[in-house]
Amino acid sequence: MIAGRSCELSRPLTVGGSDKMLEVQDISISYGSCDVVRGVSFELREAKTIALLGPNGAGKTTLIRSLNGTIPLSAGEIRLNDKLLTAYSRREISQTIAVVAQENETKFPVSVLQFVLAGRFANGSAFGWETDTDIATARKALLECDLAEFENRLMNELSGGERQRVVLARALATNARILLLDEPTANLDPAHQALMFRLVRERCHEGASAVVITHDLNLAAEFADEIMLLKNGEVFAFGSPGDVLNDKNLNEVYNVQVLLDANPASGKVRVTTVY
Amino acid sequence: MRVQKRSLRNNEDNITNSSLYVVNCSLFVVSDQKDLNRRIAISVLLLFALALVLLLAVSVGSESLSLFDLNEQQRAILFDIRMPRVFLGACVGASLAVAGASLQALLRNPLAEPYLLGVSNGAALGTMIAFVFFESFGLARPILAFAGAGLATFTVYQMARSRAGMNVERLVLSGVIVTTFLSSIIVLLTSVLDAARLRGFTFWLLGDLSQATYQGFYLTLIAAIVGTIFLSSQARALNLMMIGERDAMDFGVEVGRVRLIVFGLASLLVGTAVAASGSVGYVGLIVPHLIRLAVGSDNRLVVLFSAIAGAIFVVLADTVSRTVIAPRELPVGAITALIGAPVFIYLLRRN
Amino acid sequence: MRIADFSKLRFLVCFGLVGLSLLAFACSTSNPPLEPKADYRTVVDDLGRSVSVPVKIERAVSLAPSLTEMIFAAGAGDRLVGVTTYCNYPEEAKAIQKVGDTMTPNIESIIALKPQVVFVSTASQLEAFMATLAQQNIVVFVSDAKDLEGVYRNVEQLGDFFETKSRTAEVVENLKRRADFVRHGVGYSARAGNPTRVFVQISTDPLFTIGKESFLTTIVRYAGGDSVTKEVPTAYPKLSKETALALAPEVIILSDSDDNKEPNAVFKNSPAVKNGRVYKINADIISRPGPRLVDAIEQISEKLNASSKKESSE
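Chains as they are written, first to last, in the numbering used here: chain R, 1 to 275; chain C, 1 to 351; chain B, 1 to 314.
If you are wondering where the hints come from, they were derived from the structure by calculation, not from laboratory data. Every residue, glycine too, gets a C-beta built ideally from N, C-alpha and C. A hint or two may mislead.
[As the list claims (entries may be wrong)] Partial pick of chain R residues on the chain C-facing surface, computed with a CB cut under 8 Å:
| hint | residue |
| --- | --- |
| 1 | Thr70 |
| 2 | Asn104 |
| 3 | Thr106 |
Build out the structure end to end from the sequences listed, making use of the hints.
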């Protein structure tokens with residue numbers, strides 16, 4: 001069941017052979033008369049991690065939520081495996097795309113394992129009970145997130161950081177090939193921040209891809225293959241960390257002064273903000 | 001996999017029941033043999049309790065009967081009066097408990113309940129209109145009750161929504177507004193329309209199983225079965241929706257469709273129950289709560305077990321209502337409120 | 001305005017409001033109590049209250065259909081200036097100005113009619129309302145006729161009020177004679193040891209009947225029957241269907257109203273239904289504790305005397 005590879009990925013729905021998993025073509029999203037995202041285009045390829053950066057209100061969360069279809073587009077198209085996103089059912093989308101987002105508090109007593117098992121919903125039947133595979137997958141996800149002994153705890157007993165990791169575990173349990181993460185390291189301590197990104201990278205090595213929203217420029221530089229810099233709903237810059245993270249871009253987008261050098265341990269770009 | 005026995009922290013009581021090994025400290029359901037056994041054990045226990053309660057209810061009443069050796073008149077009492085009433089009570093209890101459990105999961109609010117949300121009053125108003133204007137058409141009452149319940153549910157939901165999603169306080173407030181508004185319409189109609197015809201109606205509004213017939217029982221039974229089965233089919237989706245609508249959507253739940261189905265079925269259940277027996281309150285609130293305390297929040301269990309426990313609750317309440325001041329009768333809704341309100345307060349304080 | 005000014009302003013407003021309300025309260029209680037005048041007499045009403053009624057009553061209001069009937073029986077119907085919407089007997093009562101109904105009378109209409117006395121029955125339970133009328137110097141007389149004896153007493157009292165004693169004496173004498181006629185009638189004594197078992201149904205579903213405290217229990221007895229629910233507490237209980245079925249009455253009396261068109265389904269095998277001995281009696285005469293209670297006795301007795309072979313129904 002869980003032998004050999006460290007995870008089982010669900011097969012893509014169309015046997016396309018294309019390595020373009022998500023294709024975003026010139027999309028715009030508006031609330032009323034206000035354009036939150038304008039004219040964004042990019043491709044998400046297999047085994048790639050894209051970091052989505054930008055100041056507050058730049059439209060990052062809106063953009064990422066449009067990628068799994070939970071926010072409708074005002075213009076443009078998104079294709080998943082060469083098929084329009086709107087042509088899929090929610091269940092089909094959820095088998096391929098998993099989301100890590102800010103978590104809601106619930107008034108009902110829900111255990112950690114029950115919470116993570118929600119990630120297996122799309123793979124099961126409506127009436128059905130969880131299979132052994134489901135439970136093993138969920139347990140493995142918890143183990144990966146350093147939460148093995150939390151299985152039977154209640155969600156509202158945990159700290160913010162612990163809950164955040166459970167949310168990540170839920171997304172990992174889906175074995176989806178595309179991961180969308182909205183500020184997943186917000187409440188995590190440095191060790192777990194690194195753990196989280198490492199887990200995402202591992203998945204990508206096995207063929208998954210990820211889009212990560214983060215404010216941590218250095219984590220982005222360390223772990224992302226490409227960086228998309230958003231400003232006012234438009235793509236300000238898109239490319240490798242070395243190309244995008246320069247002082248001119250960062251100054252214009254974030255309105256801060258930065259110093260750039262190389263991280264001595266990994267050699268990747270290191271950004272230091274001048275306060 | 002071992003089922004662990006661990007005492008709960010916080011202020012949750014230790015609910016170990018070692019003789020039956022029905023401990024559910026971990027509050028989740030895991031699919032393995034021991035757990036399956038435990039689920040079966042609880043089901044059997046509940047069904048047994050239901051059978052016992054039904055037997056008790058049928059043997060007790062304002063006229064004492066021995067169940068063997070019945071003359072013709074006593075047979076008539078047993079079969080024509082007591083049995084339809086007891087069985088109707090069971091169906092009404094099941095319907096209301098299941099509706100309450102589903103609404104609570106859907107609206108993510110443990111206080112959601114058909115009575116408090118105004119759904120019962122909507123059904124009562126529909127029944128009243130059927131009673132006054134469509135008296136000859138027998139099915140008018142459940143149909144209009146269903147319509148009234150659906151309308152009330154829709155109104156409360158629309159009022160409680162905001163851009164940020166369902167807000168719990170808004171929901172309770174909207175429920176209160178809709179309930180009181182509908183109550184005043186009912187009072188208005190009672191005053192304005194012919195007093196003689198509606199005199200008995202006011203008593204019925206408080207919950208009255210005394211007008212039970214086999215027809216009413218069959219209708220409510222069908223609705224209860226259909227409602228419970230289809231809501232159980234949505235139970236897994238409800239488990240996700242209980243955590244959050246957005247989360248549910250992210251992980252594959254067709255939120256709009258589930259919402260429609262749950263609202264529709266809850267209205268059906270409440271509508272048929274109220275059309276048959278008036279407004280029996282607190283069942284949809286107390287029973288799912290107690291079930292959740294015993295077996296956790298997994299709706300696949302909560303919905304099914306609430307049906308059985310709801311039936312037990314209402315049959316017991318009705319037995320009290322027709323024996324305590326025999327040969328007179330109390331409205332069963334008064335008994336459920338007398339029991340339900342203090343339990344509700346207790347539950348509120350524990351939170 | 002500065003904050004200090006605001007709080008001063010608030011204080012003044014509150015003080016002013018409190019002061020005004022105290023003033024209003026003081027004014028409202030400043031009416032001196034009425035001195036008993038020469039042309040008043042003091043009587044005791046059915047609640048034990050001592051009331052001062054004018055010796056000459058020209059304008060009276062009745063707030064219960066039973067009281068209206070009694071006042072007309074006392075020959076003082078021409079002095080009624082206001083009645084309730086349900087006061088429909090005798091015919092002349094229908095022409096009198098309506099002032100609401102028994103449970104919710106319209107106080108303004110009553111006051112506008114400038115009556116001297118308002119007759120109220122205990123069914124109204126209107127303490128606050130009585131206080132308002134007292135302030136307008138309108139006397140309230142409460143009647144509480146619980147049975148036939150109470151009706152006789154009330155009618156005689158009305159004779160005293162309206163100075164129609166000779167008339168009322170005659171009326172009461174007449175009523176007693178008619179009631180006694182029934183009680184000593186042939187049918188009655190024939191059944192004396194074995195009175196007919198009667199069930200009086202007030203509404204079909206839910207099933208309401210008469211209980212121990214209803215005057216109808218006595219009326220049924222005078223008519224030669226025996227109410228099967230005479231031991232049930234309260235006046236108009238909702239009866240368990242099982243008990244109703246077990247009671248197996250010989251005669252069912254329905255008070256004729258829209259929600260009482262037929263006997264409850266549990267009676268379908270009762271002797272009453274099987275023998276066709278289901279009778280409707282006018283709802284007014286059996287619900288009003290007034291002179292027509294004797295009509296009720298006569299009608300019920302007539303039904304009870306009817307042959308049990310479906311010869312006379314209704």
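How the hints compare with the structure:
1. For Thr70(R), the shortest C-beta to C-beta distance to chain C is roughly 5 Å, which falls under 8 Å, so the interface hint holds.
2. Against a cut-off of 8 Å between C-beta atoms, the interface hint on Asn104(R) holds, since the closest Cβ of chain C lies about 4 Å away.
3. Annotation: Thr106(R) was flagged as interfacial toward chain C, and the flag holds, the nearest CB pair being 5 Å apart, inside 8 Å.
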